[in-house]
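From just these sequences and the hints, can you work out the full model?
One letter stands for each residue in the lines below.
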Amino acid sequence: MGPYAKEELLACVIARLLDGARHAAVGASSPIPAAGCFLRKNFDLGFRVSLQQRRASNPFTEGSRELFDLAGQGRIDVFFLGGAQIDGGGAINLVRAEGKRFPGSFGSAYMYGVVPRTILFREEHSRRTLVPKVEFVSARGTPAALLTGKALFSWQKDKRRFRLESVHPGVSAEEIRETTGFDYDAPQQVPGTPPPSPSELNLLRGPVAREIGENYPEFARRVWGSS
Amino acid sequence: MGPYAKEELLACVIARLLDGARHAAVGASSPIPAAGCFLRKNFDLGFRVSLQQRRASNPFTEGSRELFDLAGQGRIDVFFLGGAQIDGGGAINLVRAEGKRFPGSFGSAYMYGVVPRTILFREEHSRRTLVPKVEFVSARGTPAALLTGKALFSWQKDKRRFRLESVHPGVSAEEIRETTGFDYDAPQQVPGTPPPSPSELNLLRGPVAREIGENYPEFARRVWGSS
Amino acid sequence: MEVVRALIRKKARNLRLLGVPILGLSADLLIGAGCVAEVETSAVSLGEAGLAPRFTDAVEKKSLLVKDATCPAIHCALQAAEKGVPFMPLAGIGASDLLKERKDWKVQGDLVLVPAIRPDIALFHARWADEAGNVWVGRRRELATAAHASRLVFVSFEEKKPGDMLEDEVLAPGVISSIYVSGVAHTPRGAWPLGMPGLYGADDLHVSQYAKAARTRDGFQRYLDEWVHTPRKNSSPA
Amino acid sequence: MEVVRALIRKKARNLRLLGVPILGLSADLLIGAGCVAEVETSAVSLGEAGLAPRFTDAVEKKSLLVKDATCPAIHCALQAAEKGVPFMPLAGIGASDLLKERKDWKVQGDLVLVPAIRPDIALFHARWADEAGNVWVGRRRELATAAHASRLVFVSFEEKKPGDMLEDEVLAPGVISSIYVSGVAHTPRGAWPLGMPGLYGADDLHVSQYAKAARTRDGFQRYLDEWVHTPRKNSSPA
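So the protein sequences, as listed, match chains A, B, C and D. Per our numbering, residue 1 is the first one in the first sequence, and the count goes up by one each step. Per our numbering, residue 1001 is the first one in the second sequence, and the count goes up by one each step. Per our numbering, residue 2001 is the first one in the third sequence, and the count goes up by one each step. Per our numbering, residue 3001 is the first one in the fourth sequence, and the count goes up by one each step.
Hints in this document: simulated from the structure, not taken from any laboratory. Given the structure is predicted, the values throughout are model-derived calculations rather than measurements. Treat the hints with caution; some may be incorrect.
[Claimed, not checked] Below, simulated EDC-like cross-link-like pairs (lysine to aspartate or glutamate); rule was C-alpha separation at most 20 Å, straight line: (1) B:1100 with C:2101; (2) B:1041 with D:3131; (3) C:2067 with B:1135; (4) A:100 with D:3060; (5) A:100 with D:3101; (6) A:100 with D:3040; (7) B:1041 with D:3097; (8) B:1100 with C:2060; (9) C:2106 with D:3110; (10) B:1041 with D:3038; (11) C:2062 with B:1135; (12) A:41 with C:2131; (13) C:2212 with B:1218; (14) A:133 with D:3101; (15) D:3106 with C:2110; (16) A:41 with C:2164; (17) D:3061 with A:135; (18) B:1100 with C:2131; (19) D:3010 with D:3038; (20) B:1133 with C:2097; (21) C:2062 with B:1124; (22) D:3212 with A:218; (23) A:133 with D:3164; (24) B:1006 with C:2048; (25) C:2100 with B:1135; (26) C:2161 with D:3169; (27) B:1159 with B:1185; (28) D:3062 with A:135; (29) D:3100 with A:135; (30) D:3067 with A:135; (31) D:3061 with A:98; (32) D:3062 with A:98; (33) A:100 with D:3097; (34) A:100 with D:3038; (35) C:2061 with B:1098; (36) B:1100 with C:2040.
Laid out in structure tokens, this is it:
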């Protein structure tokens, strides 16, 4: 890694994945996707982001159902989903795996089926999290991408398979093959994920850090030492 | 008629019909039912009235659908319905009759089917308004009573027919038979509708007039000279 | 109402109006002025001022198409659009002749499945708009539902608020967020002769004078000439 | 939260909790204290503080029944009860394994028909209650829906307002009217360690300390002894 935090790199990748989107919504406990969205908002004036669990100035005045209604109306282009397990068919599991209980499916079962562009995000990249087949399908849909702490995958709609797009600085294509539990396609030469530019880092450490600090204070302290 | 307005008599009859009710709702343009409800509220502390079109302090904070949702929840005992035509089977018509167009069904189609106690109210008592069979059924249900400017009818559930309960002061049973377009049952001796008591009149002309004046200023001016 | 007057001056034609859940003075003016081809509504009424004369006349002369509905069905239809589902179930209306006319309402046992309505445009008047593009409609939540269900939302408003009303916990519950709002226009006293709760009351006298005048075609035309077509400094005489 | 602590002290048993649409610290405390037989929810989570440890433990030990749901299904189920209809249609969830477990959810083409949920009791904390029995919940409209859908509604609140908030056009949009409210209790800082928007923030440190302590049965018991069973002047250390 370079002179930036891994969280900063991931936020930059997310901001780039948002190209052409008008409105992204971010669910609970997703500081890195939120940071990516706020970064995008800082250079893309037409872009809107709605934080589901914003503590102050929550954009929803119809209560917590408004996010889902908005998605049903087609007013949300992008949503982020994670999972205790994510499989090679794009399914995610937020309920139970290997005898362990996880929080539950939240709105994933719905959002994955309704929002046109779902970005799967899970920082941990391991055979434990990226599995051939999830034990429980919280949600299944057509993902736009899968971003982990090590790599970025795209989704091939025709084949219904992931394709490795890039590996993050310091990670090799072989390491990805070793640590990924599902099979996927890859180009002969796997490109490196472009690192954050100086201007991206400036935005992240300034306005984005402030905005994130209001809603994910713990995270902001860890990454930027701010709150 | 005695030393009181016909509207005051009718409001008193309505207040008596509300015996045992916890919550009555009053739709648009119904000053006499509203007056009856406010009268009841003044001597029955457990009784609640919700005016659908209250200008200030409207009780509904979920918008105009809340009245119907409340009814669906079973939280409204009594509702009032009128009609350009009312027939002997209890059906009402708010849409069209004899080539004439009326405002429309409002919420009647729903409220009549859902609210346990529907009081039919139409001041005009004539063969034009009280017909054997309405031309268009806006709503059909099981009425609790039919009150007009001349008489009070109850509803016989088993026979699905009205029964004449009382005639208002100055009206004869024969006049009712002549001016009613549908057939109905009647006792041998038809009682007179009890006139307003002095205490009822006091309430009507004091707190009720004030409350009605806020929401039906035209009506209040006409009946009580207040606004 | 100011927008309604502007639509009449611009000679809008072939409008299809949806009552949420009923229509009133605005619709009667638009109908009388020949702007409207069709209405879907639970009623058209001037409230205490009585029947809507131009609506009544147009229907009796068969120059206006009416899709009769009932209030909760319209609420359901907009809520279905708000959720992006094709229909919403409604109980209780099985005995109405409305079902004979509304072949689009499907009976399923004791329920009627009311199809979603997704209006092209929601148009209403609000108390406030702010710098962030939000509007405040207070307890009239049916306007929020209509906005959510509609493709475009245009709002005239009384007063501009600085800042972002969503930052204010007390104002926020009455706000429709800018997500839904296509355009706003500053129109003080824009509801006149209807009222704006908390700011000014309805001009009952004016409405009842309208109700009398509009009983005839000529009287209606004179009303339009005086109150719609004549340029005035303010939208209201006050 | 203060009511949750009181329920634990009173040794409530066999509660069935519904998350609207998710559950958090309150549920984890009640579950850990043995008050809960069943939960229906879209998730149980402590937010940024991570997994709900007592929930997780109870499920893994099979001492708690869980009906897994997804957020919009719970909203739909309460809205169905709010309208008095037996179900509400929901799109988009057809591919989820939730459908294998929720035999009460009926698949109809691309839709799932979610049956109404009518809770016995809605319990929540509000900013204000007034002399007329109304409570103010602001933009948390899901609490209004839950109140409409429930047989009984009990509310703890921060501050008493004089008069009737429904008379105030600005406050009214955030009000749940007394029609629905069965009882209120004045409980200043009653949300602690969670926050009350506009009044005080969440006590994040306390919640994360709870999350750590409650990883073990013993740690949870010590937490209860210190923060629930020990009488204190205030519900919060502030």
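Hints versus structure:
1. B:1100 with C:2101: Cα-Cα ~18 Å, so holds.
2. B:1041 with D:3131: It holds: about 18 Å lies between the C-alpha atoms, which stays within 20 Å.
3. C:2067 with B:1135: Measuring from Cα to Cα gives roughly 17 Å; hence the hint holds.
4. A:100 with D:3060: At roughly 6 Å apart (the allowed maximum being 20 Å), residue 3060 of chain D and residue 100 of chain A satisfy the hint.
5. A:100 with D:3101: The hint holds at about 18 Å.
6. A:100 with D:3040: 18 Å, holds
7. B:1041 with D:3097: Measuring from Cα to Cα gives roughly 53 Å; hence the hint is violated.
8. B:1100 with C:2060: 6 Å, holds
9. C:2106 with D:3110: Holds. Residue 2106 of chain C to residue 3110 of chain D sits at ~18 Å (cutoff 20 Å).
10. B:1041 with D:3038: Between residue 1041 of chain B and residue 3038 of chain D the Cα gap is close to 43 Å, so the pair fails against 20 Å, i.e. violated.
11. C:2062 with B:1135: Distance ~18 Å between residue 2062 of chain C and residue 1135 of chain B Cα, so the pair holds.
12. A:41 with C:2131: 18 Å, holds
13. C:2212 with B:1218: 15 Å, holds
14. A:133 with D:3101: 19 Å, holds
15. D:3106 with C:2110: 18 Å, holds
16. A:41 with C:2164: 17 Å, holds
17. D:3061 with A:135: Between residue 3061 of chain D and residue 135 of chain A the Cα gap is close to 19 Å, so the pair holds against 20 Å.
18. B:1100 with C:2131: 49 Å, violated
19. D:3010 with D:3038: Between residue 3010 of chain D and residue 3038 of chain D the Cα gap is close to 19 Å, so the pair holds against 20 Å.
20. B:1133 with C:2097: Status holds; Cα separation ~13 Å.
21. C:2062 with B:1124: 28 Å, violated
22. D:3212 with A:218: Satisfied, since the Cα-Cα distance of roughly 15 Å is no more than 20 Å.
23. A:133 with D:3164: The hint is violated at about 57 Å.
24. B:1006 with C:2048: Judged against 20 Å, a Cα distance of about 19 Å means the pair holds.
25. C:2100 with B:1135: 13 Å, holds
26. C:2161 with D:3169: Between residue 2161 of chain C and residue 3169 of chain D the Cα gap is close to 16 Å, so the pair holds against 20 Å.
27. B:1159 with B:1185: 10 Å, holds
28. D:3062 with A:135: 18 Å, holds
29. D:3100 with A:135: This hinted pair holds, its Cα atoms lying about 13 Å apart.
30. D:3067 with A:135: Holds. Residue 3067 of chain D to residue 135 of chain A sits at ~17 Å (cutoff 20 Å).
31. D:3061 with A:98: 13 Å, holds
32. D:3062 with A:98: 14 Å, holds
33. A:100 with D:3097: 17 Å, holds
34. A:100 with D:3038: 18 Å, holds
35. C:2061 with B:1098: Holds, at roughly 13 Å.
36. B:1100 with C:2040: 18 Å, holds
This entry does not satisfy hints 7, 10, 18, 21, 23, going by the numbered hints stated previously.
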